[in-house]
Every structure is written in C-alpha cells, then in structure tokens.
Amino acid sequence: MCGIAGLWSPPGVAPPRADEVEAMVAALHHRGPDGRGVHVDGPVALGHARLAIIDPAGGAQPLANEDERIWVSFNGEIFNYRELREELLQRGHRFRTASDTEVLVHLYEELGDAFVARLNGQFAFALWDGRRQRLLLARDRIGIRPLFHAEAGGRFAFASEAKALFTLPALPRRLSAEALAATFSYWSPIAPQSAFEGIHALPPGHLLVVEPGGRRLQRYWDWTFPGTPPRASDEALAEELHALMVDAVRLQLRADVPVGAYLSGGLDSSIITTLIARHTDTPLRSFSLTFADREFDESEHQRALVEHLRTQHSAMQATRAAIAAGFARLVWHAEAPVVRTAPVPMMLLADAVRAAGYKVVLTGEGADEAFGGYDLFKEAALRRFVARAPGSRWRPALLQRLYPYLGASPVAARSLTQAYFGSGLDGVDRPGFAHAMRLATTRRVFQFFRPEWQQQFATWDPDAALESLLPAGFGAWAPLERDQYVEAQTLLPGYLLAAQGDRAAMAASIEARFPFLDHRVLEFAARLPPRLKLRGLHEKVLLKRAFAHELPQGIVARSKQPYRAPDSACFFADGAPLPWVAELLAPASLDAAGLFDPVAVGKLQAKCAAGRAIGFGDNMAFVGILSTMLLHRQFVAGEGAPA
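When we follow the working numbering, the leftmost residue of the sequence shown carries the number -11, and every step to the right adds one.
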C-alpha cells in the first residue's frame, strides 16, 4: 500500500513545483516508507510514497506508459493484474516492470475511463493524460482506500490523507460542522464530506475528471440488489459461493512479500484463514487480539481454530493502558472523530504484524454487510415484526434474545426492552429505520457541544443526508436489502474501512486486504434472497452452509459477537482521569477550542471516573469528545502528530 499526492494548476495559475509535492509526500511517509517519487509535467505534479509489495525492485512511482505521455500515482493493489497484463501483451503493449501499477496506464490506453470496470482491486489513484491534458482520479468500488481533494490557492490538490493537504499554506484549518453532525449520527463523515471544511472525499466507486474545461464526477459502480432471485438450488449457491471465496483469497494472496491473516475467532476471519490453509500453498501465519475483559475477549474461539488449522499464530493482548496510550496516535491517523476505542487495538495489532516482518494481512471485514451478519439487521427485522402487531405481548419478548454477549444489554429487562425498541415503529419504511437506535444513541453527544455548534447541528437533517445517497429503485428492495445498502454507504467506508481499517493498518505501514469485498462476491451476495442471509435470528445462513464442512462446529454455531474494546474506562485510573485526559478536558482547554461546554463535559467526566457510565450512550459521548478535542489540537491548532 502507498500514499499519493499531487497538484493541478488551471490555465493562468502558477504551475506546481516539485518541492511542494515532496512536502505533501513526506507527510505520508507511514503509508509508504520504502521509497518516494515526484513527477512534474506542466500543469500537474504527481507524488508517491511507496510500500513495496509487488515487484519491490522495479515498481517505483510515479510510473508511465511507453511514450511517457500517461503517468499514474497509485495506492492499492490490482489483484487481477496478471490476467490483465497478459491481455495487454497480446495487444502489443510493452512493459518495463512486473508491477500491478503498470497495468493501469496500458489499460487506460486501450479503454479510456471505462478501464476501471476491469479492475479487481482496492485502490485510489491519480492518472495524468498528457495528450489530452486531463487528470483522472479514481477510488475503488467499496471505498477501501482513501482519496481527498481540495482547492488551495486556485489550484486543485489531492492526497491519500488530509495531513498531506495541510502542508499547503493556502488551505484553511477548520472542523466542519456538517461532518461533525454526520459523525455523531452515522459514526463518520459521509463522502464527499471530510472532517475538515474545504476538504472533500472522493466517494467510493467514483471517477473525477479534472481538466481546463471543468470537472466531472461519475459513478462507475454501486452496490445494488437486482430483485430477481437466482434459479439455482441452495446447495448449488453454497458451492458457487465457496468457489468465489476460494478465488478471491487466491487473488488477494498475490504479493512478493510474506502475507499474514487476522484471526478474531469469529466466522468471517475463520473462513479466510481456513481458505488460506486448505486451498492455497501460502504458509498460514495468523495474528489475533485478546482482552483481559471477558466481555470483549474471543481467545477461546481463536485457540480452537488455531488447533484445528495448526497455524503459526501470535496473540496480542490489548490492555486498557495500551489503548489509552495509543488513542492520540489513532486520531492523528484517522483524521476524524471516533466514537469507539476499537480502532486502537487494531492499530496495535498492526504494529505487532509489522514487528513480525509482515507488510500484508488478509481480514474478514465485509461479510456482515454482504451476508446480513449484524445484530442491527436482526434488531430491525424484529422491530418490523413487532410493528405489525403493536398490541402483542409476546412479540416484544423476542427482542430479549438479542445481544447475549453484552454485560449491560439494553434488552435485559422487559420494561427496558419496550422503552428502548418500542419507539419509532411507525417509520418502518424510512430508509434509516434499521439505524434509528444507533442514531439516537450516538447523537446524545450533541448535548455536550456549545450552543452555537448545537444550532449548526440542528440545521443538518440525518434523514435527508441518507436519502441523498439512495439510488433509484431503493424503495422496491426488500427491507434487509435496504438496511444493507445504508450500512454499506455509511458505517462500512466511513468507519470500518477507514479509522478501523486502512488508517489503523497504515499507521504501522501494513496493507490490509479484504476478500469478502471482492466485487464479484458482493454482486453474488446481492442476488441472494434475504432468507439466505437472515432467517429469524440466524445470520449469514448461506455463508455458514458454504463452509460448515471445513470449520469446527463451534465456530459455525456461535452467534455473531461484534468486535469491541473497552471504551471510557481506559482513560481513568483509581477514580481519576489520566493526566493527559485531565489536561485536554480541563475548562481552559475546552474554552480555547470553543467546541464543548465545560460544565457538561465535567459532569460526564466525573460520571465516567466513578464508573457510572451508562451503556453505549455515555461511552460514545466521552470517546467522541476526547477524540474531537485531539483532532482539533492536532490539525486545527496545528500541534501535529503526538509524540
């Protein structure tokens, strides 16, 4: 994996200089510690920080075609590059390297902008066509790799991360009220937002063309549900899914450096590690997280699979102290507020992977979105069931079967269940119905902001923001499919693949790969009827069927346990906040930042210090406040990376 950056100047504006882009690339050193490069061609300058994984000796970037009229700076991997390369060689193209990157410039020569549809990969890139004097930016279908752009002094600037853009003096440093409202609703800014005013994210599955005549944003892929169920039997579909996953893993193991795998103990990572062990020649080296808190720990299930596969395995325990110590670093890399500490242990695990001599890991992310694995989907299905007979006394009791892994479950008592889930049942057809409980819990943090910020948040409509993302035909999809699409447009690219995915891994210069997010797997899953994803309270029905013969029965039978980590408790010791927390949330610091009400924050801090934080609401509010203050201090106040 790598980092990219660059500048484009329109006619009449001073062209970019190499030293400007070199400074941008330097800010991305963690994304590419193995090499740097800059190419200047008239109105454009492309920069690159390289993490060498394929063709380490010959794949330096920026890279050009034969006549050096087309240049690219590329972040990511094209997993089907060998097949594409063979096609291009047969068409007469000449290659100077063995890298996957060089496929891009030659395939663009053949197909123009349509070439992105041929790519199986996770990527963000900038391609300069010197013949046509046009710059093309692209981002992968799901949003695995980040790409941001901004106007800076009349020029168009782009980079893998906002910190590279902030090396340009003309770019202001302000948090975006709209992005904060989105983050404290849907857990992240929603593209094209970023956390900062004036900096925009290229949305997943989009191209952006920049040329003197203007700019054009074009969607080339979307996660859609055709509504026509396949005619094959369930058994045939399970076999097809198994074959697809074998091929997805095979492609994503392509590398000229060792590749490892994350093993959580859940179904999804167990499938990935099993496929590596049983269907490839790659030596299986696995890594996992453990926790001292039993509520978060899955080490028992990890050990079961390690013994089953006889993998070489390493486990790292994420302590509360380590989570607190790494929190500021995580925020620096995430470049957005976070409402959970869960990304921090993932970053610490990436550190351990790097220390073991690995640069690449495969993970199980994406299976829950594709195959209906989240409790949120179950919760929504049950709430819709209750809404059809609101007077029933037994239907609400089904809700008490949710969240068995939580120590303080919101459905532990009948009265709490009715109060928590019984509201909003008249809106079952709203696009965000499944996310209403999460939205209400997360938005509690609004009350801790100063009145002027609360007034700005009040003008932001979460339903309208969601509806702006929806495609034609959305209303005709099955309820589960609508819920899946919303999840795929909000939590997945904005949080799970960002703060908890790309950013946590790249903080340690680790490339994470996601076989379940192979677009062929997603398109297959979208064709499945909902009954093969969620049946009652049983999730991922077809996925379990496809791999039941290869996994221990205990892994297949266990219910989904979402990955979580200790939250507010990490930041206190012996009833007092850690010194840096106390300083950051002191009234003087809060007043200086101008974001939060010191009195309200002080009460929440005292509540957390006493161990009286109530459920997700208090914990997310505290973590959200702390991360927002760190974000402001690091980027807006300009203090930079933590020591």
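Hints may contain errors.
Computed Cβ-Cβ distance ranges for the label pairs, DEER-style [as the list claims (entries may be wrong)]:
hint, residue 1, residue 2, range
1, Gly603, Glu98, 28 to 36 Å
2, Glu223, Glu10, 52 to 60 Å
3, Asp562, Arg5, 28 to 36 Å
4, Glu75, Thr307, 16 to 24 Å
5, Gly142, Asp562, 50 to 58 Å
6, Asp244, Asp562, 49 to 57 Å
7, Glu199, Glu440, 39 to 47 Å
8, Ala86, Leu205, 54 to 62 Å
9, Glu571, Leu205, 40 to 48 Å
Derived from the structure by calculation, the hints contain no laboratory data. Every residue, glycine too, gets a C-beta built ideally from N, C-alpha and C.
Quick rundown of the hints versus the structure:
1. Gly603 / Glu98: 28 to 36 Å: violated (55 Å)
2. Glu223 / Glu10: 52 to 60 Å: holds (57 Å)
3. Asp562 / Arg5: 28 to 36 Å: Cβ of Asp562 to Cβ of Arg5: about 54 Å, so the range 28 to 36 Å is violated.
4. Glu75 / Thr307: 16 to 24 Å: violated (51 Å)
5. Gly142 / Asp562: 50 to 58 Å: Since Gly142 and Asp562 have Cβ atoms about 55 Å apart, the given range 50 to 58 Å holds.
6. Asp244 / Asp562: 49 to 57 Å: holds (50 Å)
7. Glu199 / Glu440: 39 to 47 Å: Given about 40 Å between the Cβ atoms, the range holds.
8. Ala86 / Leu205: 54 to 62 Å: violated (34 Å)
9. Glu571 / Leu205: 40 to 48 Å: Given about 43 Å between the Cβ atoms, the range holds.
Of the numbered hints given earlier, the model fails hints 1, 3, 4, 8; all others are met.
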